[in-house]
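S.K.: What follows is the residue order along each chain.
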Amino acid sequence: MYKLLRNPGHMELAMFAGIDPQSEGIARAKKLGIPTSHEGIKAILEDPEIKIVFDATSAKAHVRHAKLLREAGKIAIDLTPAARGPYVVPPVNLGAHLDKDNVNLITCGGQATIPLVYAVSRVVPVRYAEIVSTVASKSAGPGTRQNIDEFTFTTAHGLEAIGRAEQGKAIIILNPAEPPIIMRNTVYVIPATEEFDQAAVVASVDQMVAEVQQYVPGYRLKDAPVFDRRRTPWGERTVVAMLLEVEGAGDFLPPYSGNLDIMTAAAWRVGELFAQHLLGIRQEVAA
Amino acid sequence: MTTRTLKPPRVTDTTLRDGSHAMRHQFTREQVRAIVAALDEAGVPVIEVTHGDGLGGSSIQYGFSGTSELELIEEAAKTAKRAKIAALLLPGIGTRKELAAAIERGIKVVRIATQCTEADISEQHFGMAKEMGLETVGFLMMAHMRPPEFLAEQAAMMESYGADCVYIVDSAGAMLPDDVRRRVAALKERLSIQVGFHAHNNLGLAIGNTLAAIEEGADQVDGCLRGLGAGAGNAATELIAAVLDKLGINPGLDVFKLMDAAEYIVAPIMPYQPIPDRDAITIGYAGVYSTFLLHARHIAAEFGLDPREILVELGRRQAVAGQEDWILDVALDIVRAKRGAEGTGDAREPAAAERGAD
Numbered sequence: 001m002y003k004l005l006r007n008p009g010h011m012e013l014a015m016f017a018g019i020d021p022q023s024e025g026i027a028r029a030k031k032l033g034i035p036t037s038h039e040g041i042k043a044i045l046e047d048p049e050i051k052i053v054f055d056a057t058s059a060k061a062h063v064r065h066a067k068l069l070r071e072a073g074k075i076a077i078d079l080t081p082a083a084r085g086p087y088v089v090p091p092v093n094l095g096a097h098l099d100k101d102n103v104n105l106i107t108c109g110g111q112a113t114i115p116l117v118y119a120v121s122r123v124v125p126v127r128y129a130e131i132v133s134t135v136a137s138k139s140a141g142p143g144t145r146q147n148i149d150e151f152t153f154t155t156a157h158g159l160e161a162i163g164r165a166e167q168g169k170a171i172i173i174l175n176p177a178e179p180p181i182i183m184r185n186t187v188y189v190i191p192a193t194e195e196f197d198q199a200a201v202v203a204s205v206d207q208m209v210a211e212v213q214q215y216v217p218g219y220r221l222k223d224a225p226v227f228d229r230r231r232t233p234w235g236e237r238t239v240v241a242m243l244l245e246v247e248g249a250g251d252f253l254p255p256y257s258g259n260l261d262i263m264t265a266a267a268w269r270v271g272e273l274f275a276q277h278l279l280g281i282r283q284e285v286a287a
Numbered sequence: 288m289t290t291r292t293l294k295p296p297r298v299t300d301t302t303l304r305d306g307s308h309a310m311r312h313q314f315t316r317e318q319v320r321a322i323v324a325a326l327d328e329a330g331v332p333v334i335e336v337t338h339g340d341g342l343g344g345s346s347i348q349y350g351f352s353g354t355s356e357l358e359l360i361e362e363a364a365k366t367a368k369r370a371k372i373a374a375l376l377l378p379g380i381g382t383r384k385e386l387a388a389a390i391e392r393g394i395k396v397v398r399i400a401t402q403c404t405e406a407d408i409s410e411q412h413f414g415m416a417k418e419m420g421l422e423t424v425g426f427l428m429m430a431h432m433r434p435p436e437f438l439a440e441q442a443a444m445m446e447s448y449g450a451d452c453v454y455i456v457d458s459a460g461a462m463l464p465d466d467v468r469r470r471v472a473a474l475k476e477r478l479s480i481q482v483g484f485h486a487h488n489n490l491g492l493a494i495g496n497t498l499a500a501i502e503e504g505a506d507q508v509d510g511c512l513r514g515l516g517a518g519a520g521n522a523a524t525e526l527i528a529a530v531l532d533k534l535g536i537n538p539g540l541d542v543f544k545l546m547d548a549a550e551y552i553v554a555p556i557m558p559y560q561p562i563p564d565r566d567a568i569t570i571g572y573a574g575v576y577s578t579f580l581l582h583a584r585h586i587a588a589e590f591g592l593d594p595r596e597i598l599v600e601l602g603r604r605q606a607v608a609g610q611e612d613w614i615l616d617v618a619l620d621i622v623r624a625k626r627g628a629e630g631t632g633d634a635r636e637p638a639a640a641e642r643g644a645d
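From first to last, the protein sequence lines are chains F and L. This note's numbering applies: residue 1 is where the first sequence begins, and numbers increase by one. This note's numbering applies: residue 288 is where the second sequence begins, and numbers increase by one.
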C-alpha cells in the first residue's frame with residue numbers, strides 16, 4: 001500500500017480490503033483516504049474498475065480467491081505461497097507471463113535468492129542450489145509461522161523452475177536477536193561441471209545484484225562470491241557461496257524486515273508491468 | 288536440592304543423531320545395526336537416528352549425509368527388538384514430507400525442535416505426528432538464552448499442539464546446574480505432560496546437569512555412547528546408567544553392556560573423542576550452538592583465524608540453532624577488519640582472489 005502511494009506508476013490504489021474491521025491496516029488506509037472494505041474479496045469482485053489485485057492473505061485463502069478473481073476477469077498478483085499461477089521473479093522472467101491472469105511471487109526467500117542462482121546458471125549449468133534465509137523473528141508473521149513447510153517447498157521449487165538448478169533446497173531460520181537482525185540469505189550453488197569461469201560468475205552476479213537494486217535499494221552482497229571446496233554427494237566439489245543482506249526501504253515496516261520489503265517491491269514491479277501492458281505501453285524487460 | 292523421592296527417568300540414546308555431527312554425518316548401515324543392537328540389548332527404550340540437524344539436514348549448510356538417513360532409520364527399525372526408534376525434526380529445515388517418509392521407515396517417536404523462542408512454528412508438525420499415531424517430544428533449543436518463565440510459555444504452546452513431553456535443550460552446553468534446575472522446575476510447574484533435559488559437555492557439566500534435571504523431576508534425559516555428540520559431546524549413556532544405578536533409580540539399563548557398547552563398538556569408529564577442549568569450552572562459554580565446532584574449525588583454518596574469535600563473535604551476534612552460514616560471514620568480517628586495521632583497504636576483492644585460488 002505504501003509503495004503504491006509513494007510511487008503509483010501507471011496504477012491507482014482503488015481499494016484496500018481485509019476481513020477485520022478493527023485491523024491496523026484498514027484504519028491506516030482509511031486515514032489516508034483510500035476506500036476500504038472489511039468484507040474480504042467481495043467488494044473487490046463487485047468493482048469493475050479494479051483490474052489488478054495484490055493478494056497478501058494466505059495460501060489457503062488465495063486458492064479460493066484465484067478462482068473468483070479469474071471469473072471476475074481480474075489479474076491476481078499472488079504474494080502467498082499458493083502458486084496457482086506461474087512464478088515470477090522480476091529480473092529473471094518479469095515479462096514472460098503478461099498474458100496470464102494469475103502470477104505468483106514465490107516467497108521472500110525466493111525473491112531474494114533466485115536471481116543469484118539464475119546469475120550463476122546463465123554462466124554454467126547448476127547441479128544443485130541451496131539457500132538459507134534468516135529472518136528476524138519479529139518480521140515473521142503468523143502466516144509464515146503456521147506454514148513454514150510451504151516456505152521451504154515453494155522456495156525450493158522456485159530455485160529449480162526459475163533459478164534453473166537441477167535440484168533445489170531451501171532452509172528458513174527465525175532469529176530472535178535484539179535488536180532484530182536485517183534479513184540475511186546465504187546462497188550455495190554447485191555448478192554441474194568443475195570447468196567454469198569463476199570471473200564470469202562473479203561478473204554475472206554483480207550485474208544481477210545491480211538489477212535487483214533498481215527496485216530493492218537495500219539488496220547487497222556482503223562479500224564477493226566465495227569459491228569453497230566441500231564434500232558433496234557428487235564428490236569433493238567447488239561450491240559458490242554468496243552472503244546476501246536485504247535491508248527494507250522503511251516505507252512503513254522497519255528496515256530489518258527486508259523479507260517483507262522485497263516481496264512488496266517485487267509485487268509493485270510486477271503490477272506496474274501489467275498496468276503498462278493493459279494500457280498498451282511497451283517496455284523492455286526480462287522474459 | 289529437593290527432598291522429593293527420585294524416580295527413574297526414561298533415557299533416550301542419541302548417539303546416532305547428535306553423534307552424527309562428530310561423525311560428519313557419515314554413519315553407515317553396518318554401524319547403525321551394531322549400535323542399535325547393543326543399545327536394544329542393554330535395555331535403552333528409545334534410540335534416535337537422524338542426520339545431526341534432523342530430517343532433511345543433509346545439505347551444504349550442515350554437511351551431506353554419507354548414507355541417507357531414511358536408510359539408516361530403516362536399518363535401525365529392523366534391528367531393534369524392544370526399543371522405539373525416534374527421529375529429530377527441525378521445522379524450517381525438515382518438513383512434513385520428510386516426517387512422512389521417516390514414519391514409513393519405522394519411527395515411533397518424533398522429537399520436534401525449535402529455537403526456544405519460536406515454538407509456534409511447530410504446530411503443523413505436532414499435528415501431523417499425532418494424527419499418524421506417533422509419540423511426540425518438543426525440543427526447546429538454546430534454552431540458556433531465555434529465562435525459565437519464558438521457556439514455560441513456549442513449552443505450553445508445544446503442549447497445546449500435542450507434545451507428550453517437552454525438553455529443555457542446552458544446545459550450547461552453556462548452563463550451570465542451577466540454570467538447569469530453574470528451567471526444569473518451571474516446566475514441571477507449568478505443564479501437565481512430561482519434561483526432559485538434553486545436555487552438552489562444553490563446560491564439563493553434562494552428567495552433573497543431567498543429574499540436576501533428574502533431581503528437579505525430569506522424566507526423560509538424553510545420552511550418547513561415549514558422549515559422541517556435537518561440541519564436547521553429550522552426557523555419556525553408559526555414565527548416566529552407572530550414576531542412576533548408584534542412585535537406586537536405574538530404569539532397567541544394563542550398565543556393563545552399555546560400557547561395552549561404548550568401549551568396543553563406538554570408541555573404535557569415532558573420529559575423535561569429544562572433550563571440553565579449547566574450542567568446545569569457548570562454545571559453552573560464549574553460548575553458541577555446539578554443532579558450530581567443526582564448521583568453525585574448518586573456516587578458521589582456511590582463513591588463518593583462531594576459531595575462538597569466530598565463536599565469540601557468533602555469541603555476541605546471538606546466532607541461533609542452524610546458523611552455520613554465519614560462520615563464514617563472521618570470518619569474512621574479521622578478515623576485512625584486520626585488513627582494514629593494516630591499511631590494505633577493501634577486503635572484498637583480495638579475499639575473492641585468494642579463495643578462488645585454492
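Simulated from the structure, these hints should not be mistaken for lab results. Values in this document were obtained by computation on a predicted structure and should not be read as measured data. Note that CB positions come from ideal geometry on N, CA and C, so glycine has one too. Any given hint might turn out to be false.
What the hints assert, rightly or not - Computed beta-carbon distance windows for the label pairs: (1) F/Gly141 / L/Ile536: 38 to 48 Å; (2) L/Glu589 / F/Asp101: 30 to 40 Å; (3) L/Pro434 / F/Arg122: 47 to 57 Å; (4) F/Val63 / L/Lys395: 29 to 39 Å.
Stated by the list, open to error - Listed below are the simulated BS3-like cross-link pairs for lysine-lysine, each with C-alpha atoms no more than 27 Å apart in a straight line: (5) L/Lys625 / L/Lys365; (6) F/Lys222 / L/Lys625; (7) L/Lys625 / F/Lys60.
S.K.: Next step is simple, just say for each hint if it's right about the structure.
M.R.: Do the hints match the structure? See the list:
no., hint, in the structure
1, F/Gly141 / L/Ile536: 38 to 48 Å, "holds, 46 Å"
2, L/Glu589 / F/Asp101: 30 to 40 Å, "violated, 51 Å"
3, L/Pro434 / F/Arg122: 47 to 57 Å, "holds, 50 Å"
4, F/Val63 / L/Lys395: 29 to 39 Å, "holds, 34 Å"
5, L/Lys625 / L/Lys365, "violated, 54 Å"
6, F/Lys222 / L/Lys625, "holds, 16 Å"
7, L/Lys625 / F/Lys60, "violated, 50 Å"
Hint check: violations occur at hints 2, 5, 7; the rest are consistent with the structure.
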